[in-house]
Amino acid sequence: MGNILEVQNVVKQYGDYTALNKVSLQVPTGSIYGLLGPNGAGKTSLIRIINQITMPDSGTVLLDGELLKPEHVQYIGYMPEERGLYKTMKVGEQCLYLAQLKGMPLSEAKKQLKYWFEKFEIESWWDKKIQELSKGMAQKIQFIVTVLHQPKLLILDEPFSGFDPVNANLIKDEIIELNKKGTSIIFSTHRMESVEEMCDYIALIHKSNKLIEGKLEDVKRQFRSNTFQVGILTNDVEGLMVKLTQKFKIDQTHFKSLNDDLKLEVALGEHTSNELLSILTNFGQVTHFVEKIPSVNDIFIQTVSK
Amino acid sequence: MSIISLIIKREFIAKVRNKSFIVMTFLSPLLFVGMAVLVGFLSTMNKDSVTQIAIHDESGLLKKEFKNDKFTHYTDLSAMPFKTAKDTASNSYEGLIFVPKVTAVQDLKEKVEYISEDSPSLDFISDVEEVIDSVITQENLKVLGFDAEKIDKAKADSSLKLSKFSGEESLKGLNEIKVVIGGLFGYLIMMFIVIYGNFVMRSVIEEKTSRIIEIIISSVKPYQLMMGKIIGNSLAGILQFLIWAIVGTLLFFIASSFLGLQMGTSSTVSPEMMDAATANVDKMAKLQMYINEISNLPLTTLIIAFIIYFIGGYFLYSSLYAAIGAAVDSETDSQQFLLPIIMPLILGVYIGFFTVINDPHGTVATVFSIIPFTSPIVMLMRIPFGVPLWQLALSIVLLFGTFIFVVWFAAKIYRVGILMYGKKPTWKELYKWLKY
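Same order as they appear, the protein sequences are chains P and E.
Counting from 1, one number per residue, gives the positions in the first sequence under our numbering.
Counting from 1001, one number per residue, gives the positions in the second sequence under our numbering.
If you're looking for bench data, these hints aren't it; they were derived computationally from the structure.
Misleading hints may appear alongside valid ones.
Said to hold, decoys possible - Sample of chain P residues with no beta-carbon within 12 Å of chain E, all distances over it, derived: (1) D16; (2) R48; (3) Q74; (4) K90; (5) K102; (6) W116; (7) H149; (8) T183.
To be verified - Going by beta-carbon spacing under 8 Å, a handful of chain P positions derived as facing chain E: (9) L68; (10) K69; (11) H72; (12) V73; (13) E82; (14) K128.
Only a predicted model underlies this, so the values are computations on that prediction, with no experimental measurement involved.
Just so you know, even glycine gets a beta-carbon here, dropped at the ideal spot from N, CA and C.
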């Protein structure tokens, strides 16, 4: 599989301020790609360059192996973080207009709209004005407008903000379904749990530079701390602690458990998990033994605060 | 359909469907004609009331000279002592003309007094002074031994005949007509720019505040959006102007025929009316001459120039309006940037009405009819007076050159501005945006 999107050494400056400093990314075709970074890191600048809203000062962007050109807008669907629709325009007309701007023929746009309106069971909204809809309803329309022209690459900036949990779930399922059908998706979000849940790849941009990029598991492996969470039922807590501290670094911790056990976090250091386990089994019944996998949240905070 | 025509269509439909636009379109002519009718009605009301003036003439020289007319009635209170006359006048008259005893008629010159509660109108003062003057003049002539009647006969009333080197005759009032026609076209352009430029600006701000802008410009170039917006709004504006013209004309005819009918039924034909009728025939003949003169004006040039300057001027200014709309977040923030736009427009109108009428080919008028920001207004006002072709050509070339430059410049600000939220930019920042 090739890359749907390749960003190569992109630099963008606003006056004296550098928004992107030689950023390169590879988004594999068919992936869900999480673009992470704190506010002001340069995510939006990058997304705007991909959408050809602004031009990079230097560097290139390839879409499906081709240098970005104006016709490419029809292959990209973009839902910006700051989003909205014409308030006084009717829903149906608005969707048709926006689809036509993306280069869709009118008849095709109508057909696709019918499909989505039926799917979301919102046919009755066709002649309503946006200002008559609730915020959540308008967001659904927004999503439809974004995916209507069947883009190869979907760029979603904070897609779940403004949705209630039910609709957020609905949209999430649609995104996953689109992905299964072959649409590549770039996610830009602060909601780490959805990254964790949905993304295959992540990249982290901080202060105009890309710091991390790769498959989610690879990144996590890179950030593993060789720490285990341990639960044990024992009568000789003191003896156990003495024994453990000879070899390992230990911390008290909390996790959900049905037992009234001793909960510890053990950093292995240069030792192995088996060594730890053999000590534990001497002191009582092990109820919990899991490697602590760094969450995307941990990785994010750890990288950004470095 | 191409992208830009899609945008034009949407902007046009959005504007035309807008409720306030519809209301404005059909209500404005009604309001306008209604106002005209109201003013006409009020001024006839005003004329109906008769001003009552008392006269206390101790000299006996003036009381017979004040003649009653439709608007003023004079009552002689000379029989009463001055004190009583004054009291009576202050109670039941508008004012009192007091003429003291004089030894010679010439003494009236500075002795006559007008006593009233409210200051008299300027017309009234000059009427009274005219009466006094004529009495003194008559007396002076008599003293000097002239026959007043003969002198009247001897007075000449000449009229200067105007013509051009080409041999055409022209009428005296023509300069005024030329100014009115040129002024009308120039003023129309200014109004159009101010009203529809503002529409463009508001539409840009609306897209910005509703945040749809980022979605749109991920599909189209900001430049296309801006041009589509300007053209779409101007088409809506032209439609509105056409409707105004048609409805206004219709209403005007309806209103005037209605009023005319009322006049005809309310009074029988009186000698005054007959006078008025003959006067009307005279006026009609004159009007015919004026109409001939107007048709001799360079109308074709004027209309072609109107279209050219309209397009050039409107695009020049509305792209600036679009740039301002993009730079600000709300209409209230736009004032600071609007001033430099409106200044040259107002300057153009002032120069048109004050300088062009005095000296249509003077330096000031010529220079401002070539400078692009005022030329759409000033040049149109000059065209009826005949403008050398080279000036016209230079002015148009400059206008369109500037227009292209300004659109480029405005598009740059627009491109950056539409993505900047929540902050009112300074002039310095606008300058910086040009370099992004």
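Cross-check of the supplied hints:
At roughly 10 Å from the closest C-beta of chain E, the C-beta of D16 (chain P) falls inside 12 Å, breaking its exclusion from the interface. At roughly 7 Å from the closest C-beta of chain E, the C-beta of R48 (chain P) falls inside 12 Å, breaking its exclusion from the interface. With a cut of 12 Å on Cβ distances, Q74 (chain P) falls inside the contact zone with chain E, its closest approach being about 8 Å. For K90 (chain P), the shortest C-beta to C-beta distance to chain E comes to about 10 Å, within the 12 Å cut-off, and the non-interface label is violated.
Its beta-carbon lying about 5 Å from the closest one in chain E, K102 (chain P) breaks the requirement of being farther than 12 Å from that chain. The Cβ of W116 (chain P) sits about 16 Å from the closest Cβ of chain E, beyond the 12 Å cut-off, so the non-interface label holds. Annotated as non-interface, H149 (chain P) brings its C-beta within 12 Å of a C-beta of chain E; the closest such distance is 9 Å. Residue placement check: T183 (chain P) keeps its beta carbon more than 12 Å from all beta carbons of chain E (closest about 16 Å).
Taken as an interface hint, L68 (chain P) does not check out: its beta carbon lies about 13 Å from the nearest beta carbon of chain E, beyond 8 Å. Below 8 Å, beta-carbon pairs count as interface contacts, and K69 (chain P) has none with chain E, the closest being about 13 Å; its hint is therefore violated. With its C-beta approaching chain E no nearer than about 11 Å, H72 (chain P) sits outside the 8 Å limit, and its interface hint is violated. A cut of 8 Å between beta carbons decides the hint on V73 (chain P): the least distance to chain E is about 5 Å, and the hint holds.
Below 8 Å, beta-carbon pairs count as interface contacts, and E82 (chain P) has one with chain E at about 5 Å; its hint therefore holds. Checking K128 (chain P) against chain E: minimum C-beta separation of about 15 Å lies over 8 Å; hint violated.
Against the hints set out earlier in the document, violations occur for numbers 1, 2, 3, 4, 5, 7, 9, 10, 11 and 14.
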